[in-house]
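S.K.: Add chain B to chain A, keeping to what the hints say.
In order, the protein sequence lines correspond to chains A and B.
Here the first sequence stands for residues 0 to 173, numbered as in numbering that gives the first Met the number 0.
Here the second sequence stands for residues 0 to 173, numbered as in numbering that gives the first Met the number 0.
Any given hint could turn out to be false.
For chains that are exact copies, the list does not tell them apart, and a pair is met inside one copy or across any two.
Restricting the straight-line Cα-Cα distance to at most 35 Å, the calculated cross-link-like pairs of lysine-lysine (DSBU-like) are [stated by the list, open to error]: (1) Lys80 x Lys164; (2) Lys104 x Lys145; (3) Lys145 x Lys164; (4) Lys80 x Lys104; (5) Lys104 x Lys164.
No lab work stands behind these hints, which were simulated from the structure alone.
One-letter residues, chain by chain:
Protein chains: 2
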Amino acid sequence: MSVRPSSRPKIPRPQRRGETVAEGGLAPGVDYGPLTDLLGYRLRRAQIRIYQDFLDAMDPWSITPPRFSAMTLIRHNTGMKLTELARAMGIARSGAVEVVDSLEKLGYVQRASSPTDKRAHSLSLTSRGAEVLDEVTTLIRRHDEKVSASLSEMEQAQLRDLLEKLGQVAHSHP
Amino acid sequence: MSVRPSSRPKIPRPQRRGETVAEGGLAPGVDYGPLTDLLGYRLRRAQIRIYQDFLDAMDPWSITPPRFSAMTLIRHNTGMKLTELARAMGIARSGAVEVVDSLEKLGYVQRASSPTDKRAHSLSLTSRGAEVLDEVTTLIRRHDEKVSASLSEMEQAQLRDLLEKLGQVAHSHP
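Same shape as in the complex, but just chain A (with noise of 0.2 Å):
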């Protein structure tokens, strides 16, 4: 894998404002109340932590998850519209709109107007993006696999099954 940091292009990130993110999500001499003991607020420290290391490894190409995930999609559902983008993302549009926008500056994203419908336009990656885009997930495969590499085979698969029964029960009521 080739990492070029001298085409790498000029988007702020946190870090790059000179901003620090707490080492796993906490900051030492503050106090956190009853934050920590909610499971919700468990499993959004463990994403921050799992996400500061991410961006480090995704500093040359400006990739943060979001990105990547919005990357991912495109590349994956042909002739997909920004609206649908937002759905399959699980944000507002208004979120889906901002990332497209950053995707669009760092030349890796391009909208396309429809012939059919002028409003809106079908989202696809440049061949910059494609490159792109398949140098980060192999990073960000193996960024997964340093991660679960904490745990073993069977504890993986065990924390598999309490997400998805975590997140199934949260739904079976109106």
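M.R.: Just chain B, lined up with the frame of chain A:
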């Protein structure tokens, strides 16, 4: 607990803007490609599912997870500054500004200028904010218990341990 929909402030939220959020974080008919294999993405999906449920329960007060975290941290850390809040939440300063602006508009949080440093404002809850936080904390504990109840006591302990383990090793290398 008293719910007062009439006093509900008008702050836009995805649902209010007529946008839909994918059930369970996954949209039907969409190819998620390699995302489905990644542990990081499974964590994210579980979080979206819990978050969605949370939003429904918090609707009367326009409280979102980051707003709840911010209010809890402001209550438990007297005289907290914006930069300290951002660090405690593990987010960028710009994100904390956004959260505090919303909370100020809602009348839950106020900024008081520091006598020693005119530029640094210390944050505190308004009396209305303190009242809302009490009611919301009760609801959130109930919500978290409901989501957790999909797992047995033993499974909950397992999930807690697995998440802790995951986070620690993610940062055990440089």
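S.K.: So, for every hint listed, does it hold in this structure?
M.R.: Taking the hints in turn, this is what the structure says about them:
1. Taking CA atoms no more than 35 Å apart as the test, Lys80 paired with Lys164 passes inside one copy only; the shortest distance there is 31 Å, against 39 Å between copies.
2. For a Cα distance limit of 35 Å, the shortest separation of Lys104 from Lys145 inside one copy, 31 Å, qualifies, whereas the shortest one across copies, 43 Å, does not.
3. In the homo-oligomer, the alpha carbons of Lys145 and Lys164 lie at most 35 Å apart both inside one protomer (24 Å) and across protomers (13 Å), since each shortest distance falls under that limit.
4. Taking identical chains as interchangeable, the C-alpha atoms of Lys80 and Lys104 lie at most 35 Å apart whether they share a chain (18 Å) or sit on different chains (34 Å).
5. Taking the shortest alpha-carbon separations for Lys104 and Lys164, neither the intra-copy value of 39 Å nor the inter-copy value of 38 Å comes in at or below 35 Å.
The structure is inconsistent with hint 5 alone, although it conforms to all the rest.
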